[in-house]
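> Chain residues, written in single-letter form:
Number of protein chains: 2
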Amino acid sequence: MTAYSGVAGLGDAKDITVKGLEVVKHCRRVYLEAYTSVLTVGKEALEEFYGRELILADRETVEQEADNILKDADLCDVAFLVVGDPFGATTHSDLVLRAVKLGIPYRVIHNASIMNAVGCCGLQLYNFGETVSVVFWTDTWKPESFFDKIQKNKQNGMHTLCLLDIKVKEQSLENLMKGKKIYESPRYMSVNQAAEQLLAIVQNRRLQGEEPEVTENTLCVGLARVGAVDQKIASGTLQQMSTVELGGPLHSMIIAGNMHPLEIDMLKLFAMDESSSEDNECQRNT
Amino acid sequence: MTAYSGVAGLGDAKDITVKGLEVVKHCRRVYLEAYTSVLTVGKEALEEFYGRELILADRETVEQEADNILKDADLCDVAFLVVGDPFGATTHSDLVLRAVKLGIPYRVIHNASIMNAVGCCGLQLYNFGETVSVVFWTDTWKPESFFDKIQKNKQNGMHTLCLLDIKVKEQSLENLMKGKKIYESPRYMSVNQAAEQLLAIVQNRRLQGEEPEVTENTLCVGLARVGAVDQKIASGTLQQMSTVELGGPLHSMIIAGNMHPLEIDMLKLFAMDESSSEDNECQRNT
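Read top to bottom, the protein sequences are chains F and H. The first sequence begins at 1 in the UniProt record's numbering and counts up by one. The second sequence begins at 1 in the UniProt record's numbering and counts up by one.
These are computed hints drawn from the structure, not numbers from a lab. All values derive from a computational prediction rather than experimental measurement. There's no promise every hint is true.
Each pair may be met inside one copy or between any two copies, as identical chains are not told apart.
[Said to hold, decoys possible] The list that follows gives simulated cross-link-like pairs (lysine-lysine, BS3-like), each with its CA atoms no further than 27 Å apart:
no., residue 1, residue 2
1, K142, K169
2, K268, K101
3, K14, K25
4, K71, K268
Let's have the full structure, built from the sequences with the hints guiding it.
Structure follows, in structure tokens:
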């Protein structure tokens with residue numbers, strides 16, 4: 001009689017917790033949320049490992065048909081799988097609130113999220129300031145507000161985790177206006193793209209006579225597929241981030257603030273400079 | 001040939017990931033880190049569920065005998081279990097650095113940490129500023145620096161996660177001076193104690209002519225045993241936090257910053273005021 005939420009883990013099928021797997025096996029219906037993050041393995045791999053069918057829940061399903069997800073959840077158990085921790089996104093709070101309103105008990109099963117897994121690069125979690133989202137710029141919309149948050153964190157000595165934009169099942173403006181449900185190919189922002197947008201903002205600020213705190217030489221960390229076997233981490237300057245090769249999605253980037261000696265030692269393991277590439281290989285090959 | 005790190009989860013034995021459990025089962029030696037956090041079940045329950053013996057690693061073992069933990073890890077697999085995510089504490093980065101120095105490949109298996117699991121109260125993770133640690137005051141040592149960080153976060157509109165002090169296997173000053181390895185009983189700071197210390201600082205600041213941003217009426221959230229079946233969450237003022245009954249350890253507290261409407265709705269589920277107690281029961285009974 002319980003709606004469960006968030007049990008999937010970050011990397012692959014086996015990153016689900018034992019408790020989460022039990023829930024998945026016994027629930028009547030199991031939804032897989034598929035738009036705020038992406039699991040490096042596909043739905044089929046999960047279905048095979050879990051030994052049961054999953055219902056893909058895209059943004060439309062969750063935001064417009066939330067009551068369908070909760071249908072009969074007072075009579076049977078329903079699970080809602082989220083990649084990472086269930087409360088990374090507000091839409092999942094909404095689902096909890098609906099369940100409570102309908103008198104349906106719910107339970108949360110936690111798992112690693114990018115918000116804590118980024119600690120694997122060696123930067124201490126409690127030294128992070130506000131997390132920011134870097135969105136894809138368009139020809140007409142180039143917001144810079146995340147840059148000010150990054151600068152504020154840096155002024156306070158804090159690191160900033162930048163979550164990079166995901167566009168899944170988005171409609172073009174043309175198709176949206178015509179009411180055509182034709183969707184664009186999914187796009188995941190790379191560390192390169194995020195770095196380029198940041199570098200463009202640095203230039204803009206200089207043109208406006210500012211001396212930005214964050215520059216080409218600011219120390220950053222690029223992370224790809226954290227938790228997966230082919231995870232990659234690279235530390236270097238913002239300039240270097242614009243050309244680093246990290247492979248497929250999902251990517252995240254950190255703008256470093258003040259550094260503890262132990263944090264510096266850890267970042268050296270992932271340094272893009274020649275001098276530390278040996279250590280870097282050691283980590284990559286594990 | 002790999003030293004693994006951090007696979008245990010937050011609540012009970014079944015919060016380990018499937019991947020983590022496989023690692024635990026096949027490793028030659030498995031250490032359980034037992035001083036930066038506490039699992040609500042004991043070592044014995046873990047051993048029974050994992051089907052193997054665990055070696056308890058207290059602060060002494062990890063900080064003074066780290067090389068013993070890594071002994072022969074180039075020849076066999078060794079696992080080091082951390083409650084929560086492995087990189088919450090700097091000591092675990094130290095272990096990674098030692099492994100790399102010795103040429104021992106390592107691998108991290110992530111799991112939920114209090115740093116992301118606090119999202120279960122409904123406050124959005126990306127609206128948190130710097131995390132602070134609230135330490136036990138002594139007669140002669142009453143640091144207030146965490147209060148300034150909380151105020152800074154609040155001024156920036158951000159929530160603050162307060163990690164509450166843990167004293168495990170600590171020696172009294174007397175025994176330390178005498179070189180006697182006699183340890184005090186473990187102590188875990190409760191939300192009540194943390195709130196009382198914060199209230200005392202508020203008073204101090206007023207005596208110094210300040211008008212603190214954080215006061216008796218500031219909205220807070222108390223959390224106990226997050227991820228366990230008997231988890232408790234209560235939202236109310238800082239004053240209310242000094243008397244709220246949350247039961248056994250571990251406790252954490254959040255000082256709320258600016259609130260999104262959805263965050264307000266979520267916190268109402270856990271409100272200490274009469275008006276919302278019904279909803280609160282609904283959550284507690286799941």
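> Run every hint past the structure and note whether it holds.
So, going through the hints one by one against the coordinates:
Proximity of K142 and K169 under a CA criterion of 27 Å is satisfied intra-copy only: 21 Å inside one chain copy versus 54 Å between copies. Taking the closest pair of Cα atoms, K268 and K101 come within 27 Å of each other only across two copies (12 Å); inside a single copy the shortest separation is 50 Å, beyond that limit. Taking identical chains as interchangeable, the C-alpha atoms of K14 and K25 lie at most 27 Å apart whether they share a chain (14 Å) or sit on different chains (14 Å). Only between protomers do K71 and K268 lie at most 27 Å apart by alpha-carbon distance; the minimum there is 24 Å, versus 51 Å within a single protomer.
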